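**Student:** Residue numbers (full-length UniProt numbering), protein chains in the order written: chain C, 1 to 99; chain G, 1 to 99.
The reader is advised that the hints may include incorrect statements.
[Stated by the list, open to error] To give an idea of the interface, some chain C residues facing chain G are shown, with a C-beta separation under 7 Å as derived from the structure:
1. L16
2. A20
3. L27
4. T31
5. G36
6. V37
7. L39
8. V40
[Claimed, not checked] If you want the ones that stay clear, here's a sample from chain G, every Cβ over 10 Å from chain C, calculated:
9. R47
10. D54
11. E63
12. L75
13. V80
14. K84
Since the hints were derived computationally from the structure, they do not count as laboratory data. Note that the structure is predicted; figures quoted are calculated from it, not measured. Ideal placement from N, C-alpha and C gives every residue a C-beta, glycine not left out.
Below, each chain spelled out in residue letters.
2 protein chains.
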Amino acid sequence: MKKTVTIIYCPKCGWLLRAAYFAQELLTTFTDDIFGVTLVPSEIAGRFLVSVEDQVIFDRKVEGRFPETKELKQLLRDLVNPNKNLGHSDKKQNDEGQH
Amino acid sequence: MKKTVTIIYCPKCGWLLRAAYFAQELLTTFTDDIFGVTLVPSEIAGRFLVSVEDQVIFDRKVEGRFPETKELKQLLRDLVNPNKNLGHSDKKQNDEGQH
Numbered sequence: 001m002k003k004t005v006t007i008i009y010c011p012k013c014g015w016l017l018r019a020a021y022f023a024q025e026l027l028t029t030f031t032d033d034i035f036g037v038t039l040v041p042s043e044i045a046g047r048f049l050v051s052v053e054d055q056v057i058f059d060r061k062v063e064g065r066f067p068e069t070k071e072l073k074q075l076l077r078d079l080v081n082p083n084k085n086l087g088h089s090d091k092k093q094n095d096e097g098q099h
Numbered sequence: 001m002k003k004t005v006t007i008i009y010c011p012k013c014g015w016l017l018r019a020a021y022f023a024q025e026l027l028t029t030f031t032d033d034i035f036g037v038t039l040v041p042s043e044i045a046g047r048f049l050v051s052v053e054d055q056v057i058f059d060r061k062v063e064g065r066f067p068e069t070k071e072l073k074q075l076l077r078d079l080v081n082p083n084k085n086l087g088h089s090d091k092k093q094n095d096e097g098q099h
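Just need the whole structure built from these sequences, with the hints factored in.
**Tutor:** Right, dumping it as structure tokens:
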């Protein structure tokens, strides 16, 4: 059963474009791994929250920033297809600087 | 209870950008009227289908074409907020040519 990713964003903050951009990145990379991506406008100001079914994988309020695309893909990959290689940018944090 | 719009598209046909564009149009116009928009890659070639919950409002296979943005907004408006005015482009078909 493939999972649905949900991106909740603050429309009043003008974050629809940002949310739609991330949706397209995830749908491009995980076309066969997820059911789909739902974009949800939030009434809560400043909200930018990404979840997979009931599991939150990124919350702007907790992190104090937006996710990086690479980071978001790694978080999603770990949940939906842990063996998937995300390509040249997909180094483990421990590998950074060793190449 | 706000409804969710689903756009099922054929990723192999390269229709993600088209689907994401329509999603953004609908989310911009119906921010307060819908719960969200789900983008769903389909394994069925040539599929481009828009539904509101279980109700199909546009199916490319039936229509033989893609929807116009105005048309899609009118179809969605009729379901989620029938009294909503979509602005200057929102003439009834019967009014066409009378102005």
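**Student:** Work down the list of hints and note, for each, if the structure agrees.
**Tutor:** Structure-based check of each hint:
no. : hint : result
1   : L16  : 6 Å, holds
2   : A20  : 5 Å, holds
3   : L27  : 6 Å, holds
4   : T31  : 5 Å, holds
5   : G36  : 4 Å, holds
6   : V37  : 5 Å, holds
7   : L39  : 5 Å, holds
8   : V40  : 4 Å, holds
9   : R47  : 13 Å, holds
10  : D54  : 16 Å, holds
11  : E63  : 22 Å, holds
12  : L75  : 19 Å, holds
13  : V80  : 13 Å, holds
14  : K84  : 16 Å, holds
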